[in-house]
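Number of protein chains: 4
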Amino acid sequence: MTVRAAVAGASGYAGGEVLRLLLQHPEVEIGVLTAGSNAGQRLGALQPHLLPLADRVLAATTAETLAGHDVVFLALPHGQSAAVAEQLGESVLVVDMGADFRLADAADWERFYGSPHAGTWPYGLPELPGARAALEGSRRVAVPGCYPTAVSLALAPAYAAGLAEPEAVVVAASGTSGAGKAAKPHLLGSEVMGSMSPYGVGGLHRHTPEMIQNLSAAAGERVTVSFTPTLAPMPRGILATSSAKARPGVDAERLREVYEKAYADEPFVHLLPEGQWPATGAVYGSNTAQLQVAYDEAAGRVLVISAIDNLTKGTAGGAVQSMNLALGLPETSGLPVTGVAP
Amino acid sequence: MTVRAAVAGASGYAGGEVLRLLLQHPEVEIGVLTAGSNAGQRLGALQPHLLPLADRVLAATTAETLAGHDVVFLALPHGQSAAVAEQLGESVLVVDMGADFRLADAADWERFYGSPHAGTWPYGLPELPGARAALEGSRRVAVPGCYPTAVSLALAPAYAAGLAEPEAVVVAASGTSGAGKAAKPHLLGSEVMGSMSPYGVGGLHRHTPEMIQNLSAAAGERVTVSFTPTLAPMPRGILATSSAKARPGVDAERLREVYEKAYADEPFVHLLPEGQWPATGAVYGSNTAQLQVAYDEAAGRVLVISAIDNLTKGTAGGAVQSMNLALGLPETSGLPVTGVAP
Amino acid sequence: MTVRAAVAGASGYAGGEVLRLLLQHPEVEIGVLTAGSNAGQRLGALQPHLLPLADRVLAATTAETLAGHDVVFLALPHGQSAAVAEQLGESVLVVDMGADFRLADAADWERFYGSPHAGTWPYGLPELPGARAALEGSRRVAVPGCYPTAVSLALAPAYAAGLAEPEAVVVAASGTSGAGKAAKPHLLGSEVMGSMSPYGVGGLHRHTPEMIQNLSAAAGERVTVSFTPTLAPMPRGILATSSAKARPGVDAERLREVYEKAYADEPFVHLLPEGQWPATGAVYGSNTAQLQVAYDEAAGRVLVISAIDNLTKGTAGGAVQSMNLALGLPETSGLPVTGVAP
Amino acid sequence: MTVRAAVAGASGYAGGEVLRLLLQHPEVEIGVLTAGSNAGQRLGALQPHLLPLADRVLAATTAETLAGHDVVFLALPHGQSAAVAEQLGESVLVVDMGADFRLADAADWERFYGSPHAGTWPYGLPELPGARAALEGSRRVAVPGCYPTAVSLALAPAYAAGLAEPEAVVVAASGTSGAGKAAKPHLLGSEVMGSMSPYGVGGLHRHTPEMIQNLSAAAGERVTVSFTPTLAPMPRGILATSSAKARPGVDAERLREVYEKAYADEPFVHLLPEGQWPATGAVYGSNTAQLQVAYDEAAGRVLVISAIDNLTKGTAGGAVQSMNLALGLPETSGLPVTGVAP
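If you're matching them up, the sequences are chains F, S, Z and E in order.
First residue of the first sequence? That's 1 in the UniProt record's numbering, and the numbers climb one at a time after it.
First residue of the second sequence? That's 1 in the UniProt record's numbering, and the numbers climb one at a time after it.
First residue of the third sequence? That's 1 in the UniProt record's numbering, and the numbers climb one at a time after it.
First residue of the fourth sequence? That's 1 in the UniProt record's numbering, and the numbers climb one at a time after it.
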């Protein structure tokens, strides 16, 4: 079986990463690549690391250029995916790496994005309860945000097992590629190297309602999330520290047992042996999430550290994993579990 | 007045930083410099940035070599300061940048350091309630740990004003210089660049009891602290995200008012204007702590972000500030408030 | 004596650095700060490290706002300095940190900049033969480019002493601040971290004619320079490797002797002891140039390594040093020789 | 066909990288992994990015543990490979990633390494004239040094075509992984981040005779190389700037023509389109060498920029490429040409 895939938004970081993965995918043939303001340029000038595609010329992002593919990956600014998807027809698999179809609650969408809600698609984080089944055979996928991926993998098992109070506190550090390729002064190398800073503090980050949605579903009750994202001086990676008060009766063994069981059969979620801690460097370029759990007895808290590559498991790897499930391919096809280190 | 200062442990990062600051201090003359295994070497070979001291040769760290100074800065491995201080006599100001005399509770010390408690000296964080008075005229100073400096400045006002529940959650990122200059594989540039990772998770970090001590004193009740330190790919800086559940009646205005009042007259603690967030890059090499506060209404939490340079305000700057107070010099002498950026 | 200084272009990197230095200068009072598109903003929002100036509001860059100062530092896009300088009058010291007045040869200027030549001012690199005298009492200063500073300090003594053939080969690595604060995609942190790349290869960089001018003057004959600049993943610093074929009779001793003599009395140029090599980290934030020389016998070449901070000795420090000379202040006033390390 | 491969020195950077590549190789089964002082440890504790091998335990490096494989990769300190190879027997393919068998001239070896010369094996840089044929069917391979790989690919075509005078000048920047995983103070993250520095200046670096050997062979006459390596603040990558005086009649077209022809059929050497420059970030983790050529008319020099990943094409990728040739597998098997960027 050969799957013909198009990528809309191929000049950005998410688009580039999905192409890097598709180039390794044994059953995918890369079709049309499109862009917005970069249409007409050689891909080699914009993504020089994608050597086999260097001579491809970017088309404009329209339903016409994207037609005739089995799967279309969308890496578009939010608000643009619905129109494109509609024109592509229902038989084409559309994998949206943007935010448009992630949230189930229209009011949440409108509050955080300030525009009408486009709808809700099957959610591309197969490791969450029920998610894998919803993706199988689907022709629409909403790929999760990078932070919600790291945080939901970290806390969903604890909430599903009733180990934690429904008030999560999350602080996460992200590499700069999470902020995209648009040139903004605060993202200059001169500004970010040697410096760490927070943003979207106090519940303002758009990924907050997505985390709440996932953790509440796991818990079976409303979970609040105090989420603080920070920008770290590295190109890739998310390190999330997620915690919540432990419920009575929880201890270190019980906690470990729950996580071992939750991820025993997951190819991309790896609970580290006791005593070893996740590092984003170890998952650089891979679709692996590294996890470690701790029970802080003195503070009475369940604490989970998770490390992912924001562009791979956090975006494009999750997208390809979801495509595999939707099309009935082996879930792990084309997806590295080995990081590039050091 | 000319103060003659010696530095024990001059080849390490804390020792180097205190020398960098003393070189700018109008009333200090730099005396003997000592080291452990580096004794006998030119300082220029070990600290090439300290150009005016390049030709100084390091002496061995003994009471004899350190005698005859007005102030002695100790940057020694923990457990070694007491013996040196005793031999120096009571009239010499001894500023210990190590951990030995920070904790008031001997049991805490023994649990975290595994050795007998050496005692408790006046605590070198003048911005804490009562601390400045205790430092004035003192001949012994215990310089705070770098993380406790960032976290205590962040949360003490909230606790002192009764704004927050006594269960703090802290996640902090530190530059690698906080781990010292001893060569260990996990601190190699190849390992740390492009990667973030936690350590001492679950209440195990030795700075935890120090934070609990400071925040409990401010709150007037026992405060627990869930503390997760992380290693960031930068040489200097601590960015701490500290939060706790808000007590009833707290809102954003009240929170801001408390912090404005707490630090209105402090030369080294700067509450940023609303809408601006601390960045470690902005305090690089300076003795300034940048703070910002937020009230997360949805999560019901008081949240404070603080940024310091771990080597300056977090270690050597705090040491010089304390020396100034102890000796009756202007508190700000020799201490830059301007960072080196970008 | 109090000198009143204005800075035009205070929101950029050169402007910010000159302010950082002026804040430490005992005889300077900082007057008006101006900007182009950032006029009207608080400096604290743009340069948060310049804490004492945080509440200053940027004026527009006009001759009117800049009037009434003893010295005006210009950090403007090239082509704009002449008009401003003319309006300021001849009694005001104008220190141009841009390129407009660096080149003596109008044809060179026009070839590399594509616009009419504005003229030639005394050249702000006092360590070059004859340059110090020309700066004393001058009311106009052209601050050298950052690369020409590093390279001219490296090779001028060899050429002045007749040690080298007039064909220099230079490869230099620069931190990203050398490219300025304007947001361009290739300068994003995501692009520069973990990567090195060249630019302006093959003699195209605008600093090439300036190097040729300086080295030819030192040699007393036309020197060619093959110059390759590269962008390094660090915010500051230039490391230049400069070499040329040795003339007959040159050996390691003779080479060292010439450099020791050339810089024996220079406060800001430091020839390292044999066996120690320059590192940009050691001069971070300082006005020091570190140098080391080598004679490669097998290749028959004289080789000089130089390290400077591109923003300090390479731009703003050179500017302040020149101001000191022009105004008759001590040459070293306000200029740190100690770097911020690690 | 399944090839069984052992790796000696699996806990270091070269060993880890060869494993990363072998994990993707369709015809290789990974056998025994050995180490020196790390023998007995889980690989997961030392190379956490190599997830599929996490539970492997490292054996001691002996001929016995390495016996019974089709190919043995040696990543050992220099001087140790000969003894191991001898015991493995002549039918086993031994790929030495160390220096022992690279040099043809025993005197060169002794001068730079200070020990007896072990011999000379077929040289694992197939892109050099004659090298590919010598590797086919061989049972011994000497993998080139990382710098000689970057520099020989850059200059060999120019010398083979008689375009350049036999006096090359090379300045190269390397990521820190090139210095290995042994913990040394000057390689700490705190020291290398934000800093660039040279080492082995003046012809002292051990890779110099290897470059001379390769370029002299291409030129058909003795070529001298003035080589300056520098350490850059990044984990991986080499950017080499190599130049030499152009011979009469050379111009930009002729230069480009020679390189286009030299590498037209090479899968791993990519001459970039005119106007685009190599960047190490674009070859991160890939076996690709990016090249660009320039003719500096004013300086009369041929200049070539090359970018490789020092661990991939510069070490382990070159090793696997050579293994493929030696065993008659497709030369590109298991070798990524796509980099991980940003």
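These are calculated hints, taken from the structure and not from any lab test.
Nothing here was measured: the structure is a model prediction, and the numbers come from that model.
Among the clues, some could well be false.
In this list, chains with the same sequence are indistinguishable; a pair is considered to hold if it fits within one copy or across any two.
Straight-line distance between alpha carbons at most 20 angstroms, and here's what the computed SDA-like set of lysine to any residue pairs gives [unchecked claim]:
{"no.": "1", "residue 1": "K184", "residue 2": "G130"}
{"no.": "2", "residue 1": "K184", "residue 2": "K261"}
{"no.": "3", "residue 1": "K245", "residue 2": "D105"}
{"no.": "4", "residue 1": "K245", "residue 2": "R42"}
{"no.": "5", "residue 1": "K245", "residue 2": "P185"}
{"no.": "6", "residue 1": "K261", "residue 2": "E274"}
{"no.": "7", "residue 1": "K261", "residue 2": "Y113"}
{"no.": "8", "residue 1": "K245", "residue 2": "E165"}
{"no.": "9", "residue 1": "K184", "residue 2": "R42"}
{"no.": "10", "residue 1": "K184", "residue 2": "G44"}
{"no.": "11", "residue 1": "K245", "residue 2": "Y263"}
{"no.": "12", "residue 1": "K245", "residue 2": "G137"}
{"no.": "13", "residue 1": "K184", "residue 2": "G36"}
{"no.": "14", "residue 1": "K245", "residue 2": "G119"}
{"no.": "15", "residue 1": "K184", "residue 2": "G275"}
{"no.": "16", "residue 1": "K261", "residue 2": "G275"}
{"no.": "17", "residue 1": "K245", "residue 2": "A298"}
{"no.": "18", "residue 1": "K261", "residue 2": "A82"}
{"no.": "19", "residue 1": "K261", "residue 2": "Q87"}
{"no.": "20", "residue 1": "K184", "residue 2": "L46"}
{"no.": "21", "residue 1": "K245", "residue 2": "E167"}
{"no.": "22", "residue 1": "K184", "residue 2": "G200"}
{"no.": "23", "residue 1": "K261", "residue 2": "N38"}
{"no.": "24", "residue 1": "K261", "residue 2": "D251"}
{"no.": "25", "residue 1": "K184", "residue 2": "Q276"}
{"no.": "26", "residue 1": "K245", "residue 2": "T65"}
{"no.": "27", "residue 1": "K261", "residue 2": "G79"}
{"no.": "28", "residue 1": "K245", "residue 2": "R140"}
{"no.": "29", "residue 1": "K261", "residue 2": "A298"}
Consistency of the hints with the structure:
1. K184 <-> G130: Classified as neither; 39 angstroms inside a copy, 43 angstroms across copies.
2. K184 <-> K261: Neither, since 44 angstroms and 35 angstroms both go past 20 angstroms.
3. K245 <-> D105: Answer is neither: 27 angstroms inside a copy and 26 angstroms across each miss the 20 angstroms cutoff.
4. K245 <-> R42: neither (52 angstroms within a copy, 34 angstroms between copies)
5. K245 <-> P185: neither (39 angstroms within a copy, 35 angstroms between copies)
6. K261 <-> E274: Within one copy, since 15 angstroms is at most 20 angstroms while 45 angstroms is not.
7. K261 <-> Y113: The answer is neither: 37 angstroms in one copy and 36 angstroms across copies each exceed 20 angstroms.
8. K245 <-> E165: both (5 angstroms within a copy, 13 angstroms between copies)
9. K184 <-> R42: between (23 angstroms within a copy, 19 angstroms between copies)
10. K184 <-> G44: Only across copies: K184 and G44 sit 18 angstroms apart there, 23 angstroms inside one copy, limit 20 angstroms.
11. K245 <-> Y263: neither (22 angstroms within a copy, 32 angstroms between copies)
12. K245 <-> G137: Classified as neither: same-chain Cα gap 38 angstroms, cross-chain 44 angstroms, threshold 20 angstroms.
13. K184 <-> G36: So K184 and G36 pass the 20 angstroms test inside a copy (18 angstroms) and across (17 angstroms) alike.
14. K245 <-> G119: neither (34 angstroms within a copy, 34 angstroms between copies)
15. K184 <-> G275: Result: close only across copies, 18 angstroms inter versus 40 angstroms intra.
16. K261 <-> G275: Cα proximity of K261 and G275: one copy only (19 angstroms, versus 43 angstroms across).
17. K245 <-> A298: For K245 and A298, both the intra-copy (11 angstroms) and inter-copy (17 angstroms) Cα distances are at most 20 angstroms.
18. K261 <-> A82: neither (38 angstroms within a copy, 48 angstroms between copies)
19. K261 <-> Q87: neither (43 angstroms within a copy, 46 angstroms between copies)
20. K184 <-> L46: Cα proximity of K184 and L46: in one copy and across copies (17 angstroms, 13 angstroms).
21. K245 <-> E167: Both, since 7 angstroms and 10 angstroms are each at most 20 angstroms.
22. K184 <-> G200: Intra 16 angstroms, inter 24 angstroms, cutoff 20 angstroms: intra-copy only.
23. K261 <-> N38: neither (46 angstroms within a copy, 31 angstroms between copies)
24. K261 <-> D251: within (16 angstroms within a copy, 42 angstroms between copies)
25. K184 <-> Q276: between (37 angstroms within a copy, 16 angstroms between copies)
26. K245 <-> T65: neither (51 angstroms within a copy, 50 angstroms between copies)
27. K261 <-> G79: neither (38 angstroms within a copy, 44 angstroms between copies)
28. K245 <-> R140: Neither. Shortest intra-copy (37 angstroms) and inter-copy (40 angstroms) distances fail the 20 angstroms Cα cut-off.
29. K261 <-> A298: neither (26 angstroms within a copy, 32 angstroms between copies)
Violated hints, in rising order: 1, 2, 3, 4, 5, 7, 11, 12, 14, 18, 19, 23, 26, 27, 28 and 29; the structure is consistent with all others.
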